[in-house]
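> First to last, the sequence lines map onto chains A and B.
The first sequence begins at 1 in the numbering used here and counts up by one.
The second sequence begins at 1 in the numbering used here and counts up by one.
Everything labelled a hint here was simulated from the structure, so no lab data went into it.
Treat the hints with caution; some may be incorrect.
For chains that are exact copies, the list does not tell them apart, and a pair is met inside one copy or across any two.
Unchecked claim - Restricting the straight-line Cα-Cα distance to at most 25 Å, the calculated cross-link-like pairs of lysine to aspartate or glutamate (DMTMM-like) are: (1) Lys331 / Asp14; (2) Lys129 / Asp18; (3) Lys217 / Glu158; (4) Lys63 / Asp176.
There are 2 protein chains.
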Amino acid sequence: MNQRPSATGISYADAGVDSDRAESALAGLLTSVRPTFALRQGHGRPLLPIGAFANVLDLGDGKGLAISTDGVGTKALVAQMLGKYDTIGIDCVAMNANDIICVGAEPIAMTDYLAVAVPDAALFTEIGKGLLEGARQAEISIPGGEVAQIGEMIRGAEGGQAFDLVGTCVGTVPTDRILTGQDIRPGDVVLGLASSGVHSNGLSLAREAFFKRAGLKVTDMAPGLERTVGEELLEPTVIYVRFAMDALRSGIPVKAFVHVTSGGFLNLARVTAAVGFDIEALPEAPLVFRLIQEMGNVSDAEMFHVFNMGIGLCVVAPPESASPLRALAEKHGRHATVLGHATADAERVVRVLPVGLEGRGSRFIRAGSAGAKSV
Amino acid sequence: MNQRPSATGISYADAGVDSDRAESALAGLLTSVRPTFALRQGHGRPLLPIGAFANVLDLGDGKGLAISTDGVGTKALVAQMLGKYDTIGIDCVAMNANDIICVGAEPIAMTDYLAVAVPDAALFTEIGKGLLEGARQAEISIPGGEVAQIGEMIRGAEGGQAFDLVGTCVGTVPTDRILTGQDIRPGDVVLGLASSGVHSNGLSLAREAFFKRAGLKVTDMAPGLERTVGEELLEPTVIYVRFAMDALRSGIPVKAFVHVTSGGFLNLARVTAAVGFDIEALPEAPLVFRLIQEMGNVSDAEMFHVFNMGIGLCVVAPPESASPLRALAEKHGRHATVLGHATADAERVVRVLPVGLEGRGSRFIRAGSAGAKSV
Chain A
1 MNQRPSATGI
11 SYADAGVDSD
21 RAESALAGLL
31 TSVRPTFALR
41 QGHGRPLLPI
51 GAFANVLDLG
61 DGKGLAISTD
71 GVGTKALVAQ
81 MLGKYDTIGI
91 DCVAMNANDI
101 ICVGAEPIAM
111 TDYLAVAVPD
121 AALFTEIGKG
131 LLEGARQAEI
141 SIPGGEVAQI
151 GEMIRGAEGG
161 QAFDLVGTCV
171 GTVPTDRILT
181 GQDIRPGDVV
191 LGLASSGVHS
201 NGLSLAREAF
211 FKRAGLKVTD
221 MAPGLERTVG
231 EELLEPTVIY
241 VRFAMDALRS
251 GIPVKAFVHV
261 TSGGFLNLAR
271 VTAAVGFDIE
281 ALPEAPLVFR
291 LIQEMGNVSD
301 AEMFHVFNMG
311 IGLCVVAPPE
321 SASPLRALAE
331 KHGRHATVLG
341 HATADAERVV
351 RVLPVGLEGR
361 GSRFIRAGSA
371 GAKSV
Chain B
1 MNQRPSATGI
11 SYADAGVDSD
21 RAESALAGLL
31 TSVRPTFALR
41 QGHGRPLLPI
51 GAFANVLDLG
61 DGKGLAISTD
71 GVGTKALVAQ
81 MLGKYDTIGI
91 DCVAMNANDI
101 ICVGAEPIAM
111 TDYLAVAVPD
121 AALFTEIGKG
131 LLEGARQAEI
141 SIPGGEVAQI
151 GEMIRGAEGG
161 QAFDLVGTCV
171 GTVPTDRILT
181 GQDIRPGDVV
191 LGLASSGVHS
201 NGLSLAREAF
211 FKRAGLKVTD
221 MAPGLERTVG
231 EELLEPTVIY
241 VRFAMDALRS
251 GIPVKAFVHV
261 TSGGFLNLAR
271 VTAAVGFDIE
281 ALPEAPLVFR
291 LIQEMGNVSD
301 AEMFHVFNMG
311 IGLCVVAPPE
321 SASPLRALAE
331 KHGRHATVLG
341 HATADAERVV
351 RVLPVGLEGR
361 GSRFIRAGSA
371 GAKSV
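If we strip away everything but chain A, and leave its shape as in the complex, we get:
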């Protein structure tokens, strides 16, 4: 996985996702969203800032309500290309419930928003199956939702059934047990739990690489994999809820759960303690990532920024927790490895040493290089 900074290498922006532009636009939105925090000073007050994996609302009597919203993004297009709709609901639950555990909360429910061009019983039934399976794995209910028939606003993959699928998950956490990595100290270890593949991030780049650059079809066998490209990309996102709840209940000291989504290991820098992180050892990235990188001629920096690279959840904990947490992860069917540790770095740099990357803010750059835009 060497960096290949060639003129033909593709980036997330080339694939239709311009993170820099999105961040700039987001600033405009936040100008108005931030002042809403002052609108609830007592009951219901948001306890965390914008940018946490989930916020927590103060319900009084020491009770906190965690809330987070996320969608499945263009993984919906892969489902459409394959005509397979029975697992995308798992992704929807996963993307949301995995965020809820990252504030130390127990997910209890998720509402779903399903936007379609044409309401189709077969499509809805299949999507429902995934939602139910996701709900089972996350041990939540789906107490309500919304179906929007907005044919003029939505479009899909050719020949597929256009839809968008979004969830909002809520969970509960005692306000004195909100976990945001506030107690992380240099030397605490970073444990990484295996992902099942691309999860629900970076699908635009993956599709660009497989389908546009390499010219593969969704039904083509993925080179070196024992299934089609579509099946590989559609592999459901792992739901880490049971593991995380078990970890919290077990009493094994844990300082942070970090859902590895867009931004990859830079998500580690979202912990509230002013520390950096060194990732010193990485399991070999699953083949799907190597294929994407090769077919799309994608740089390491872009790969590590866009994809989870094989690690779907990081746990930051005191060194002595590493062994019992690994055992617990294995019990839940997830391989876990010690990836590195927290460092004394108030600038919160995340270094991925095996590939010579370091990240600040929202960007990875080659270690030692400079560039205002990238920092």
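Given chain A, work out where chain B should sit, using these hints.
Just chain B now, with coordinates in the frame of chain A:
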């Protein structure tokens, strides 16, 4: 507003929203969603069935959490046609917060989901303004949200900025004060609070009538109105939160709040008491509805099924509450009128007597006519 059942009259289905088909498809989704209720039997248990305006989760110690999800639908297209994005956020808050009050809960927060083709700072800033104004009116925070850049999945009005905007609102209610109309008795009155226009329902039909049938442009003056068609359709949805909270705190007996959205007065039949409703007196429908009906040659049954027809919120209360509730509504700047009363009817028929309609389940039909599909 006579019914004009001509061959050229348009229906919601003609306008791209097939309610019958949507219901059939929804059944497929609910097959999987309903079993999720059993996944949370203790903490977090959903206390209401699917179909309530919002569900309420049991948080223990008598605390309930109301949750509801809704989007702005194709009102987003009107915003795009007009290039005016600073009020659609109000609609997003309104559609959600108004549902939360219908279980007797106090809205505390809403997360937003903003899907765009291209993240644009100006667009986001304007949308944020509406969200902030909506949050002010509903007295909630927006503690988090999600921006999705999904250009391949979303499309917009010609020349406009494609986006979809969805919210999930949460609120709190003591579990022994959940209000679902369970205590409504025949003779209780239905008070109607004025809407500001079409709110966020039926925009597909309204656009069909104005822009396709009548050939008007969004910037054309609406006949008889002192502003353009686009401005009229984009008028923000009324947020009834302060009125409802004032009513609950005042001690004036209230038996149900009913948000008049898709389905119109049929939303009255969503109360849990097995009663029917007679709407006996209606304020004249605002001009916008008369224009839509005339330009689209739309039947009364379809109009009353798709639009709020001038009433955005119904309050069901004992007769002696009517006068103080009207005064309270006026104090909050909303005209309110007594529309009718609850009837002893276990079949839950909603009759709109001024226009000779009666509705059961999800459909209005001409009083006296039959038809299995419509019943």
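> Run every hint past the structure and note whether it holds.
Taking the hints in turn, this is what the structure says about them:
1. For the homomeric pair Lys331 and Asp14, neither the shortest alpha-carbon distance inside one copy (41 Å) nor that between copies (55 Å) is at most 25 Å.
2. In this assembly of identical chains, Lys129 and Asp18 lie within 25 Å of each other by CA distance solely across copies; the values are 23 Å between and 33 Å within a copy.
3. In this assembly of identical chains, the alpha carbons of Lys217 and Glu158 lie at most 25 Å apart only when taken from the same copy (12 Å versus 31 Å across copies).
4. In this homomeric assembly, Lys63 and Asp176 come within 25 Å of each other (Cα to Cα) both inside a single copy, at 9 Å, and across copies, at 19 Å.
Violated hint for the displayed structure: number 1, the only one.
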